[in-house]
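Got chain A sorted already, so can you dock chain B onto it with the hints?
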Amino acid sequence: MSKRQLAMVFDLNKCLGCQTCTIACKRLWTREEGMEYMWWATVNTMPGRGTPRDWEQSGGGFRDGVAQAGRLPSNKDFGEAWEFNHEEVFFGGKGDSAYLKVKGEEPDWGPNWDEDQGAGEYPNSYYFYLPRICNHCTHPACLEACPRKAILKREEDGIVLIDEDRCRGYRFCMEACPYKKIYFNHVKKVSQKCIFCFPRIEQGVAPACARQCPGRVRFVGYKDDPDGPIWKLVEKWKVAIPLHPEFGTDPNVFYVPPLSPPRFDAEGNIDESKPRIPDEYLVSLFGPKVLESLAVLKAEMAKTRAGGKSELLDVLIAYQWKSMFGGFDKDPASIEWKKA
Amino acid sequence: MLAPFVRGAPVEWLLDPGADPWRKTRPERLAMTGTPLVLQPTAAIRAAWTGQHIGAIDKVEIAALHNGDVLAFRLEWADGSENRDPGDTTAFSDAAAVLFPVVEGAPAISMGGPKLPVNAWYWRGDSDTQGRQVVAEGIGTSRTVDVSLVHAHGVWKDGRWRVVIARALRVQTSEPVVQLDTGKGAHFAVAVWEGGHRERGGIKAFSGAEWRSLSLAPVGGKA
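Taken in order, these protein sequences are the chains called A and B. The opening position of the first sequence corresponds to residue 1 in the numbering used here, with each subsequent residue numbered one higher. The opening position of the second sequence corresponds to residue 1 in the numbering used here, with each subsequent residue numbered one higher.
Please keep in mind that the hints were generated in silico from the structure rather than gathered at the bench. Among these hints, one or two may not hold up.
[Unchecked claim] Dumping the calculated DSSO-like pairs for lysine-lysine here, alpha-carbon to alpha-carbon at most 27 Å:
(1) B/K115 x A/K149
(2) A/K189 x B/K157
(3) A/K14 x A/K289
[Claimed, not checked] Now the in silico label distances, taken between C-beta atoms and shown as ranges:
(4) B/S148 x A/K94: 51 to 57 Å
(5) B/V171 x A/A333: 48 to 54 Å
(6) A/M1 x B/D88: 33 to 39 Å
(7) A/C18 x B/D88: 29 to 35 Å
(8) A/A333 x B/D88: 39 to 45 Å
(9) A/S97 x B/W13: 57 to 63 Å
(10) B/W13 x A/K94: 52 to 58 Å
(11) A/M1 x B/G208: 57 to 63 Å
(12) A/R63 x B/D88: 27 to 33 Å
(13) B/W13 x A/E155: 48 to 54 Å
(14) A/K322 x B/D88: 40 to 46 Å
C-beta: ideal position from N, C-alpha, C; glycine also.
Excised from the complex, chain A in its bound form:
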């Protein structure tokens, strides 16, 4: 068990699916050869099959503390880094006849393939965005699966890292991670994953995905810091809950679940008794605690509508941008970065 644990909270009521987090991470960490298909930070539309395809049904993790067999996703499940016929469309003089398409074999999946599809029938169709990174779990299935002890959980902040010198690319970690947030580098032949931007953390800078988020979705900080946003949202107000707690790994990324407007009944009247996003679906993602979380959010919103004040909503609205980062609020431009 680490002495302290860094964590994030993602407020799903604010995520607009713009993928700025995804790109911030890509630009910073996964631009080398062998990493083309990697997206340590992803945002998928839910309900959906996600990335890698059908990851929620891929096994791994623990049931009653016992390790479960997992499945390895294929290159196609992740979605390969396609090349497009830019030359032909933009420079080949065929702008009127050729259309932009993937070079080579037509893909049937990709990292954001089912974007904005969602579920439900009009007028009760619905969807929301689900950003994901490595959960830096308290009980990491990847770490426990590795036969080479190549994965470590840092004592000082609970960040889970892969030691690429010890890793031999066996991918038992990839099988065991129930969130499928470990990638295989095809050139270095080692497994790689989100590092919680630890070189930034060590300099007091929030991870890139959080700092770059234009929607103020991502809160950062130590779980036990009573002045920080994580403790308030997870421990005090208990509105931020882990994704798939039944996977048994104790994730340290927490979600404020999505509220939704009421449904329409068969006559087209508003049915206040049923939310557009079915409770059962949210329970299938976040467990039964999601209903308590939504109830707290609704009660606090009612309170402010009646003219009252809510510490919870003040935290979630994040009037002060820097308040989101639990003290990791230094400007990265103010630091002289050295490449190791």
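Showing chain B alone in chain A's frame:
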């Protein structure tokens, strides 16, 4: 098994599994067996392999020779698929290794034990010529000690792998690796990983708990 002496054969030549000196050897057939599920080092691996067959390769033909400086093994086995670069996240490379006890009493079945190191000379299809020297002191403790001292090369043809794995008899290192002498005996074991069957790490076929005997012909001795 006898490792005959072949005068003046450079290691580059010996790394060709079809090279002339290998004709002087008499290959022996080793029956291979899967490593036991209970000895896999982590619960996740045991869960993933419960009810699955471990050890897809059931026999290996092995020969050995030396040139006075370098000891070379040639391993040969039937394998319908040449799995080199994994390419896909679900694919694994074929691999092979020769294992030695570094001290007397080091067990083969558990990859040595505390203060009972074993030393593997390792080849993997995705990094064909870069052999790897590994030391282990028990299950789940293997570590690479260098990637320069073991020479290797594999050729897959007509459904068969022929892989040569070689190292100098004696090497300068502070690591607990095997040091060999001509005219003397040694013990060894063999492991083969069938990448097409997702074998890697402790999931492999090996030549069993008993060490095999090898005698290195004296320099100048007749093959």
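The hints, checked one at a time:
Distance check on the hinted pair: B/K115 and A/K149 sit about 19 Å apart at the alpha-carbon level, within 27 Å; holds. Restraint check for A/K189 and B/K157: satisfied, since their Cα atoms lie roughly 25 Å apart, inside the 27 Å limit. At roughly 20 Å between alpha-carbon atoms, A/K14 and A/K289 fall within 27 Å of each other, so this suggested pair holds. Distance hint check for B/S148 and A/K94: the Cβ-Cβ separation is about 53 Å, which falls inside the suggested range of 51 to 57 Å.
The given range of 48 to 54 Å is respected by B/V171 and A/A333, whose C-beta atoms sit roughly 50 Å from each other. Judged by the Cβ atoms, the range 33 to 39 Å given for A/M1 and B/D88 holds: they are separated by roughly 36 Å. At roughly 31 Å, the beta carbons of A/C18 and B/D88 sit within the given window of 29 to 35 Å. Judged by the Cβ atoms, the range 39 to 45 Å given for A/A333 and B/D88 holds: they are separated by roughly 40 Å.
For the pair A/S97 and B/W13, the supplied restraint of 57 to 63 Å holds, since their beta-carbon distance comes to about 59 Å. Between B/W13 and A/K94 the beta carbon distance is about 56 Å. The supplied range of 52 to 58 Å therefore holds. One distance hint, 57 to 63 Å for the beta-carbon pair A/M1 and B/G208, is violated here, with the actual separation near 41 Å. A C-beta distance of roughly 28 Å is found between A/R63 and B/D88, which places it inside the suggested range of 27 to 33 Å.
Separated by about 52 Å at the C-beta atoms, B/W13 and A/E155 satisfy the suggested range of 48 to 54 Å. Take A/K322 and B/D88: their Cβ atoms lie about 44 Å apart, and the range 40 to 46 Å holds.
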